[in-house]
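Model the full assembly from the supplied sequences, consistent with the hints where possible.
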Amino acid sequence: MANIQEYPRNKDGSVYAKVAVDRDLCIGAASCIAVSEVTFELDGENKAIVIDPNTADDATLLMAAQSCPTKAILLFDKEGKQVFPS
Amino acid sequence: MAIPYILMDKFDYLIIGGGVCGATAADIIRQNDKNCSIAVVSDEPHPLYSRVMLSKPEFFLGHIPFEKIWMKGTEWYEQNRISFLGGRLATALDTAQKTISLRDGTRLRYGKLLIASGVRARTWSGPGADKKGIYVLRSLEHGKAIMEAVKIKKHAVVIGGGFISFEMDDLLRKANIEVTHLIRENYYWEPVLDEASGRMIETALEKGGVKIMRNKEIAEIKGGDEVEGVLLKDGTEIACDMVLCGIGAYGELDWVKNAGVAVNKGILANEYLETSAPDVWTGGDIAEFKDLILDENIQLGNWVNAHEQGRIAALNMLGKKIPFKFVSFYTTQGFGISIAFTGDVWTVGNNRTVINRGTPESGSYARIILKGNEVEGATFINRTQEMSVVSKLIRQNIDVSKHHSELADPNFDLKKLLPTPTPEPIVISN
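Line by line, the protein sequences are chains A and B. Per the working numbering: the first sequence ends with 86, consecutive numbering throughout. Per the working numbering: the second sequence ends with 516, consecutive numbering throughout.
If you are wondering where the hints come from, they were derived from the structure by calculation, not from laboratory data. Mixed in with the good hints, there may be bad ones.
As the list claims (entries may be wrong) - Stretch-level coverage of chain B by chain A, calculated; a stretch enters the list once three of its residues show a Cβ under 8 Å from a Cβ in chain A:
{"no.": "1", "region": "136-144"}
{"no.": "2", "region": "388-394"}
{"no.": "3", "region": "407-417"}
Don't be surprised by glycine CBs; every beta carbon is placed ideally from N, CA and C.
Listed below in structure tokens is the structure:
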């Protein structure tokens, strides 16, 4: 079973209502942190966690997800549909 | 005979290199300029894939589906009207005429050029180098070759002491292959790491079934067509059916140098990733750039750095003037241990102060490296969660001269040394 940690997002005007990290896929490359360190951090298991799902704007959040070399960051819209990776 | 050029397409933005630096740059340029022409030339036939995934055992053993390797497919290039010229090697540059020549004779004109051509893995070049069964890990083809090999091979010899060889050990052991790891030095990762950190990694490797042989170098790779063993310089022979090299990388620089662009070990660039030639930028593993935080020229080989340089180089090619200011880091994990580096971790001959944080005996141990009053770098064994905050200490040039005892206290929350919230990163807008 996939080990996915979900983080609800309620930023005004954002397309994304949820950020999720697939901890089985995450390898701690930390590219997400490079793009948006207000959003992501590594935990003691060398996995990305979301420390603040609301501050980053949509473009930055999408770029952080796109930068992940294992596509471990998932973005969901308000209807709960996964919009990245599509 | 000179090969006549086939066509002379002109692109407003021409990018040499289809890795994460080049593809990210193409993406950013398209986001900001809907009408310009963009081409990406790659010596590999594939569109963007995850080079990072190549050395991850989960991927190798099929726990992560192979399709996950693709990051941007050919359809992404089509949708974004970016010409992808795969399997094409750039061989000459003319900065006066603003042209790039490809190996097949094609010549392309450019308005602005980004060279993000990457580096090649160094392989064994001594006696026996022609035998089948010698592997490096850099490209998708290399990865596929190793994936096939581990299905039938029994005993590997791994050479080199760094991130790639550590990850090679992990994937080989998970594939139930016997592994003998030869280290030229006294301990793993000497002299980048201290002995205590190196021994922690060795202990993890040995518990995982890797046989480590220190102070050893190959004299010859033995066998017929195929690798059958290695002969060491001390006369020892080890039977094996594969040799994996994690011994560094080099850039193909001649074609750039011949164009009069300044190079050293990489293509030299200032903090804006501009080379010495007008309208020519560089980024990724091939770039040797002016690092404003460390105040020295450095060349780095990792995904995160290449991604960020692609982003900044693209914005500057679009007319902005944004310095590349980034504390680079590496992380890996395997054999029940996590390893992370941030900033400049080189201490030898650099007159650095090193503060040890935690102890090897406790199983979690970091080294905070100071230059004067500021943190310059750090290495972490089983303390990766502190990498982000230490990177912030480095980037914000925090004076830690009065905080050595806190840095040495493994239970002290390093975030308390950050005086202000971290500034927002540069926001990309369409």
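Consistency of the hints with the structure:
Counting residues of the region 136-144 of chain B whose C-beta lies closer than 8 Å to any C-beta of chain A gives 6; at least three are required, and the coverage claim holds. Given as covered by chain A, the region 388-394 of chain B passes the check, having 4 residues with a CB less than 8 Å from a CB of that chain where 3 are the minimum. Counting residues of the region 407-417 of chain B whose CB falls under 8 Å from any CB of chain A gives 3; the rule of at least 3 is met.
Consistency note: the structure conflicts with none of the earlier hints.
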